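Build out the structure end to end from the sequences listed, making use of the hints.
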Amino acid sequence: MSGEQPQARRPRALVIDDSRAVRSIIRQILAELSFEVHEAEDGAAALKKVQELGGVDLATVDWNMPVMDGLQFVHELRKHPEHARTCLVMVTTETDMDHVRRALEAGADEFVMKPFTKEVILGKLDIAGGAG
Amino acid sequence: MPIEPADFAILQGLVSRHAAIVLEPGKEYLAETRLGPVARGAGCASVTELLRKVDSDPRSPIVGKVVEAMTTNETSFFRDIHPFEALRTTVVPEILKARAAERTLNLWCAAASSGQEPYSVAMTLLEHFPELRHWKVRFVASDIAPSMLARCREGRYSQLEVNRGLPAKLLVKYFDKHGAEWLLKPEVRSMVEFVEVNLSRPFPAWPPMDIVFMRNVLIYFSLETKRDILRRVRRQLRPDGWFFLGGSESTLNVDDKWTRVQVDKTSIYRPAP
Chain C
0 MSGEQPQARR PRALVIDDSR AVRSIIRQIL AELSFEVHEA EDGAAALKKV QELGGVDLAT
60 VDWNMPVMDG LQFVHELRKH PEHARTCLVM VTTETDMDHV RRALEAGADE FVMKPFTKEV
120 ILGKLDIAGG AG
Chain H
0 MPIEPADFAI LQGLVSRHAA IVLEPGKEYL AETRLGPVAR GAGCASVTEL LRKVDSDPRS
60 PIVGKVVEAM TTNETSFFRD IHPFEALRTT VVPEILKARA AERTLNLWCA AASSGQEPYS
120 VAMTLLEHFP ELRHWKVRFV ASDIAPSMLA RCREGRYSQL EVNRGLPAKL LVKYFDKHGA
180 EWLLKPEVRS MVEFVEVNLS RPFPAWPPMD IVFMRNVLIY FSLETKRDIL RRVRRQLRPD
240 GWFFLGGSES TLNVDDKWTR VQVDKTSIYR PAP
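Protein chains in written order, with numbering that gives the first Met the number 0: chain C, 0 to 131; chain H, 0 to 272.
I should point out that these hints are in silico values taken from the structure, not numbers from a laboratory.
Take the hints with a grain of salt, since some may be wrong.
[Said to hold, decoys possible] In silico DSSO-like pairs for lysine-lysine, Cα to Cα no more than 30 Å straight-line:
1) C:Lys-113 to C:Lys-78
2) C:Lys-48 to C:Lys-113
3) C:Lys-117 to H:Lys-26
4) H:Lys-264 to C:Lys-117
5) H:Lys-168 to H:Lys-264
6) H:Lys-64 to H:Lys-96
7) C:Lys-117 to C:Lys-47
8) C:Lys-48 to C:Lys-117
9) H:Lys-184 to H:Lys-168
10) C:Lys-117 to H:Lys-172
11) H:Lys-168 to H:Lys-135
12) H:Lys-96 to H:Lys-264
13) C:Lys-117 to H:Lys-176
14) H:Lys-52 to C:Lys-113
15) C:Lys-113 to H:Lys-184
16) H:Lys-52 to H:Lys-64
17) C:Lys-47 to C:Lys-113
18) H:Lys-135 to H:Lys-172
19) C:Lys-48 to H:Lys-168
20) H:Lys-52 to H:Lys-96
21) C:Lys-113 to H:Lys-176
22) C:Lys-48 to C:Lys-78
23) C:Lys-47 to H:Lys-264
24) C:Lys-113 to H:Lys-168
25) H:Lys-52 to H:Lys-172
26) C:Lys-117 to H:Lys-184
27) H:Lys-135 to H:Lys-96
28) C:Lys-78 to H:Lys-168
29) H:Lys-96 to H:Lys-26
30) C:Lys-117 to H:Lys-96
31) C:Lys-78 to H:Lys-172
32) C:Lys-78 to C:Lys-47
[Said to hold, decoys possible] For each label pair, taking beta carbons as the anchor points, the in silico distance ranges come out as:
33) H:Ile-218 to C:Glu-81: 43 to 51 Å
34) H:His-133 to C:Lys-117: 58 to 66 Å
35) C:Pro-65 to H:Lys-96: 54 to 62 Å
36) C:Lys-47 to H:Val-171: 45 to 53 Å
37) C:Arg-84 to H:Arg-16: 25 to 33 Å
38) C:Arg-101 to H:Arg-16: 40 to 48 Å
39) C:Asp-125 to H:Asp-56: 19 to 27 Å
40) C:Asp-125 to H:Asn-252: 53 to 61 Å
Remember, predicted model here, so these are calculated numbers, not experimental data.
Every residue gets a Cβ at the ideal spot worked out from N, C-alpha and C, and that includes glycine.
This is the structure in structure tokens:
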């Protein structure tokens, strides 16, 4: 113990999408909100990353990805009580009511349908309380 | 082709006469973007041609379309979120106490545009105040544009519109998907009565209101018209009523007979005692 005040940690976000272009767009939006942004290209890689980082404050989650899809990721993450407060926002091309309902039931906090704008993401983070 | 000052003056005169709205110089770009579709619909090659046409024929039905296009404002579900939080945490609970004996609630949402604001209020009431089902609730929403009122009554929204500001759990609960669009369920639509109102003219004969939303619309009026509207809203409100303006608007230096109440991040106005 050095006796110094610990520095406030920047909120940490994980962008999960198999498209590098989409990851880059969301990364930029979140970086502007002062998030420390990490990326993963599928659900399994995302779970590994969450473990490495010791948890994240926010994850944006694509639905359709190889290896492990976004819904499975949400199910898996929510099995762990230590990640119960992680804000999970689905960002997906799936736009039917059944997908929105299933995501919420699995434990997602919000649902963004692609295509989206920066304002859409900001608005959803405001609602979900994940704006950092 | 840019709009010439003389043609812009035609538009300024038109929106001033029909809606008491002040269109400042420098807003020519707004005329270009909003009137382009109206010009095409009217068979005009340009916005300039459209403006000259309505100037030469003031009784043309196109006049109404021009005024509508210039007075329709961008909106979204739960825009700015905080006023709706204040409604939920403070305003409606206070009214539930104050009107417990008579069990009546009267609300007015002015400048309803495409309906997202009144329906956000309606969903807030449904979600958090089930006891209001046993109250006499009159909820009117107004706009100057008949085409917007027709849209409001339909309650049909695009994917982009429901993506903006609407919590997913409310989308699931209160909407049905029809093709690529999202339709509000009748239980929400039936709560709101949509009425054509020009704010610069006398309000309809409504009961005294408990809550008035008039957000992001006064900014378009002259100081004199703003003052007149605020005075009439004060008379329309019950003495303990609540008045919501847009985040950048205030009664300060316009009409001083209001008390500002701060509820978290929202300023709400009440008639001064």
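Quick rundown of the hints versus the structure:
1. C:Lys-113 to C:Lys-78: holds, 27 Å
2. C:Lys-48 to C:Lys-113: holds, 24 Å
3. C:Lys-117 to H:Lys-26: holds, 25 Å
4. H:Lys-264 to C:Lys-117: Holds, at about 23 Å.
5. H:Lys-168 to H:Lys-264: holds, 24 Å
6. H:Lys-64 to H:Lys-96: Given that 30 Å is the threshold and the Cα spacing comes to 44 Å, the pair is violated.
7. C:Lys-117 to C:Lys-47: Given that 30 Å is the threshold and the Cα spacing comes to 28 Å, the pair holds.
8. C:Lys-48 to C:Lys-117: holds, 25 Å
9. H:Lys-184 to H:Lys-168: holds, 14 Å
10. C:Lys-117 to H:Lys-172: OK: Lys-117 (chain C) and Lys-172 (chain H) at ~25 Å, within 30 Å.
11. H:Lys-168 to H:Lys-135: Given that 30 Å is the threshold and the Cα spacing comes to 27 Å, the pair holds.
12. H:Lys-96 to H:Lys-264: holds, 23 Å
13. C:Lys-117 to H:Lys-176: holds, 24 Å
14. H:Lys-52 to C:Lys-113: violated, 41 Å
15. C:Lys-113 to H:Lys-184: holds, 24 Å
16. H:Lys-52 to H:Lys-64: Since the Cα atoms of Lys-52 (chain H) and Lys-64 (chain H) sit roughly 13 Å apart, the hinted pair holds (cutoff 30 Å).
17. C:Lys-47 to C:Lys-113: With Cα atoms ~26 Å apart, Lys-47 (chain C) and Lys-113 (chain C) stay inside 30 Å; holds.
18. H:Lys-135 to H:Lys-172: holds, 24 Å
19. C:Lys-48 to H:Lys-168: Holds, because 28 Å separates the two Cα atoms, which is no more than 30 Å.
20. H:Lys-52 to H:Lys-96: violated, 56 Å
21. C:Lys-113 to H:Lys-176: holds, 16 Å
22. C:Lys-48 to C:Lys-78: Since the Cα atoms of Lys-48 (chain C) and Lys-78 (chain C) sit roughly 16 Å apart, the hinted pair holds (cutoff 30 Å).
23. C:Lys-47 to H:Lys-264: violated, 39 Å
24. C:Lys-113 to H:Lys-168: holds, 18 Å
25. H:Lys-52 to H:Lys-172: Violated: Lys-52 (chain H) and Lys-172 (chain H) sit about 47 Å apart, past 30 Å.
26. C:Lys-117 to H:Lys-184: holds, 28 Å
27. H:Lys-135 to H:Lys-96: holds, 15 Å
28. C:Lys-78 to H:Lys-168: Judged against 30 Å, a Cα distance of about 21 Å means the pair holds.
29. H:Lys-96 to H:Lys-26: Violated, because 46 Å separates the two Cα atoms, which is more than 30 Å.
30. C:Lys-117 to H:Lys-96: Not satisfied, since the Cα-Cα distance of roughly 41 Å exceeds 30 Å.
31. C:Lys-78 to H:Lys-172: holds, 25 Å
32. C:Lys-78 to C:Lys-47: Between Lys-78 (chain C) and Lys-47 (chain C) the Cα gap is close to 15 Å, so the pair holds against 30 Å.
33. H:Ile-218 to C:Glu-81: 43 to 51 Å: For Glu-81 (chain C) against Ile-218 (chain H), whose Cβ atoms are near 48 Å apart, the range 43 to 51 Å holds.
34. H:His-133 to C:Lys-117: 58 to 66 Å: violated, 43 Å
35. C:Pro-65 to H:Lys-96: 54 to 62 Å: holds, 56 Å
36. C:Lys-47 to H:Val-171: 45 to 53 Å: Hint violated: Cβ distance 31 Å, outside 45 to 53 Å.
37. C:Arg-84 to H:Arg-16: 25 to 33 Å: violated, 56 Å
38. C:Arg-101 to H:Arg-16: 40 to 48 Å: violated, 54 Å
39. C:Asp-125 to H:Asp-56: 19 to 27 Å: Cβ of Asp-125 (chain C) to Cβ of Asp-56 (chain H): about 47 Å, so the range 19 to 27 Å is violated.
40. C:Asp-125 to H:Asn-252: 53 to 61 Å: violated, 31 Å
When the structure is compared with the earlier hints, violations turn up for hints 6, 14, 20, 23, 25, 29, 30, 34, 36, 37, 38, 39, 40 and for no others.
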